[in-house]
Amino acid sequence: MSEQAGVTSEPEAAQPEPSAADEPLLVVKNLKKYFPVKSGILIEHTVDYVKAVDDVSFEVGAGETLGLVGESGSGKSTTGYCVLQLLKPTSGSVRFRGQELTGLKHEKLREVRRELQIVFQDPYASLNPRMTVGDIIAEPLVVNHLGTRKTRRKTAEQLLDVVGFSPDFVNRYPHEFSGGQRQRIGIARALALNPRLIVCDEPVSALDVSIQAQILNLLKDLQHEFQLSYLFIAHDLAVVRGMSDRIAVMNLGKIVEQGPADSVYGSPEVEYTQALLAAVPVADPRKMRIRREERRKHKHVLAEPV
Amino acid sequence: MALLEVDDLRTYFPTREGEVHAVDGVSFKLEERKTLGIVGESGCGKSVTALSIMGLIQTPGRVVSGSVHFDGKELTNLKRREIEDIRGLEIGMIFQDPMTSLNPTLTIGTQITETLRRHLDLSRKEARKRAVDLLEEVHIPNASRRLDDYPHRYSGGMRQRVMIAMAISCNPKLLIADEPTTALDVTVQAGVLDLLEELRQEHAMAMIIITHNMGVVAETADDIAVMYAGQIVEQATALDLFDRPEHPYTEALLGALPKLDEPDARNARLASIPGRPPDLLSPPEACRFAPRCKYAGTDDCATVPPELREIRSGHWVRSAHPASERAREPVAVS
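Sequences listed follow chains A and B, in order. Going by this note's numbering, the first sequence opens with residue 1, and the numbers climb by one from there. Going by this note's numbering, the second sequence opens with residue 1001, and the numbers climb by one from there.
It is worth saying that the hints were derived from the structure and are not from the lab. All values reported here derive from a predicted model rather than from experimental measurement. Any given hint could be a false lead.
Pairs of lysine-lysine residues, derived as DSS-like cross-links and limited to a Cα-Cα distance of at most 25 angstroms, are as follows [what the hints assert, rightly or not]:
{"no.": "1", "chain 1": "A", "residue 1": "LYS254", "chain 2": "A", "residue 2": "LYS29"}
{"no.": "2", "chain 1": "A", "residue 1": "LYS88", "chain 2": "A", "residue 2": "LYS38"}
{"no.": "3", "chain 1": "A", "residue 1": "LYS32", "chain 2": "A", "residue 2": "LYS88"}
{"no.": "4", "chain 1": "B", "residue 1": "LYS1259", "chain 2": "A", "residue 2": "LYS287"}
{"no.": "5", "chain 1": "B", "residue 1": "LYS1294", "chain 2": "A", "residue 2": "LYS220"}
{"no.": "6", "chain 1": "B", "residue 1": "LYS1034", "chain 2": "B", "residue 2": "LYS1073"}
{"no.": "7", "chain 1": "A", "residue 1": "LYS297", "chain 2": "A", "residue 2": "LYS254"}
{"no.": "8", "chain 1": "A", "residue 1": "LYS29", "chain 2": "A", "residue 2": "LYS51"}
{"no.": "9", "chain 1": "B", "residue 1": "LYS1034", "chain 2": "A", "residue 2": "LYS287"}
{"no.": "10", "chain 1": "B", "residue 1": "LYS1173", "chain 2": "B", "residue 2": "LYS1073"}
{"no.": "11", "chain 1": "B", "residue 1": "LYS1029", "chain 2": "A", "residue 2": "LYS220"}
{"no.": "12", "chain 1": "A", "residue 1": "LYS29", "chain 2": "A", "residue 2": "LYS88"}
{"no.": "13", "chain 1": "A", "residue 1": "LYS51", "chain 2": "A", "residue 2": "LYS88"}
{"no.": "14", "chain 1": "A", "residue 1": "LYS297", "chain 2": "B", "residue 2": "LYS1259"}
{"no.": "15", "chain 1": "B", "residue 1": "LYS1129", "chain 2": "B", "residue 2": "LYS1173"}
{"no.": "16", "chain 1": "B", "residue 1": "LYS1029", "chain 2": "B", "residue 2": "LYS1173"}
{"no.": "17", "chain 1": "B", "residue 1": "LYS1079", "chain 2": "B", "residue 2": "LYS1173"}
{"no.": "18", "chain 1": "A", "residue 1": "LYS299", "chain 2": "B", "residue 2": "LYS1259"}
Based on the provided sequences and hints, a complete structural model is requested.
Below you can see the structure in the form of structure tokens.
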């Protein structure tokens, strides 16, 4: 498919501001998200904050993938949600195509969000079981009042083709599909509005290896075809390496190391990154002993929660 | 005599649409003090194999044929009471989800001593002392104090350590770990795997590790069995399996694995396996991998079920087109 899959006839959603010319697609600066910890039964008061994201800065260029890795609770998904303004950041700035997203009003935000989409982790929970696949994929168009019933259906059919399905699947329901196939439907939905940036939040962690490879390849193909940028969030370090131009390693709400994928993985500077890499079991029994040694060496930086 | 000998095990589950052949002719041997890794994707029958061994298949599912010979006893013929005596005492088990395998309404101490007193003749006090020792053995800090905590006070990794402590509490000869680290972070996983290896050596146990993760078996197992659609399709020593995988499925699975240490992986595509595993209600009649296999030709693949055969010493494969024979094929033609 040579042309864009989404609604090509619609006018551009939001014109970039002039100052955006040489700014990367997404610029996140000093992003913080604190969740209050409340106490008290009748009169609640805040006793402390969980600093889920604590002063995080990064950029994602057009057509680029930034991989965000870290353990559970490191704040990587929260960061993704804050970028999309699905969670309101406590402070900091999120600029997309030169436009500041924090503090945008509802209507304006919806306009910008057409270009910012998300693919969720759980393909079983993220598709409405009562909607047909065609309706699921076309829903972003309905929400944004784009097209007619007929053109939306056509778009859904095109998108099904883009993710490797027969267009005839529009009338089927999610339960007829396996996990990997559902994830394709989720991806098709994310593409419906011709986004520029997609936040992929653990998109393959619920899938088996052989299916995972299909989805990762599909994401790469789509990126190439539609010039997409990805913020690729995952806990599987090997998966992230294969997808990303650059990597940001998160620990306890902060980015502890950031750089080109090959240098972060090949010669990690920070001991936390070294420890994280050493912890990954590698499909090579010959390396087992060396890796156990390596692990023991870095054990002190990984305090296991009790 | 091997510690555990499983022969032609078949476990079926009747459903409205027909019988699901979840485990369909699985055989293997496990020697004392050795670790067998059973690896495969969801629905390949690896967990059902473990449950069948332990007599934990819930009706209407049942072991329809085959034998499980453990330490001189045939387990498939035992009465419920008899197999309960073996489970926990001679065979320890750990399951995937440490969040749900502990009872949230009982303290950790109560749950450990329950196992101990069920199998061993211990007083309340002795059992408690033994429980503290066990928690220390699995490296839980402040063991004696934490014994009176409820499970919600423990992190996921620590809960799995408690499960392991319970599993080894009666010094079993065999420990079966079903996806013991799947729900855990890699860093926590590494600690749990190291602990299992430490305990296996100290207690001179044999171990079966069931996982979907090729890395986990590579790091823990002496021998590896790869399962696909209810059958073992390849079995070999860990070194030989990763050095020279024979079955097209094993090769494809290893090819589909993103590599941690591959430079410029960004610009490479992963080798994916087309299609998906067969429905076990009506699996392909002959080779179950044939519909997804790039080497399956017009030959017998669709008509003659391949046997598990020893392609070289200790390396078993169930395929008409194992790698080392394919390598020879062009020579035979010319």
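Structure-based check of all given hints:
no. : hint                  : verdict
1   : A:LYS254 - A:LYS29    : holds, 12 angstroms
2   : A:LYS88 - A:LYS38     : holds, 18 angstroms
3   : A:LYS32 - A:LYS88     : holds, 10 angstroms
4   : B:LYS1259 - A:LYS287  : holds, 13 angstroms
5   : B:LYS1294 - A:LYS220  : holds, 23 angstroms
6   : B:LYS1034 - B:LYS1073 : holds, 19 angstroms
7   : A:LYS297 - A:LYS254   : holds, 23 angstroms
8   : A:LYS29 - A:LYS51     : holds, 16 angstroms
9   : B:LYS1034 - A:LYS287  : holds, 19 angstroms
10  : B:LYS1173 - B:LYS1073 : holds, 13 angstroms
11  : B:LYS1029 - A:LYS220  : violated, 43 angstroms
12  : A:LYS29 - A:LYS88     : holds, 14 angstroms
13  : A:LYS51 - A:LYS88     : holds, 14 angstroms
14  : A:LYS297 - B:LYS1259  : holds, 23 angstroms
15  : B:LYS1129 - B:LYS1173 : holds, 22 angstroms
16  : B:LYS1029 - B:LYS1173 : holds, 14 angstroms
17  : B:LYS1079 - B:LYS1173 : holds, 21 angstroms
18  : A:LYS299 - B:LYS1259  : holds, 23 angstroms
Hint 11 from the list above is the single one not met by this structure.
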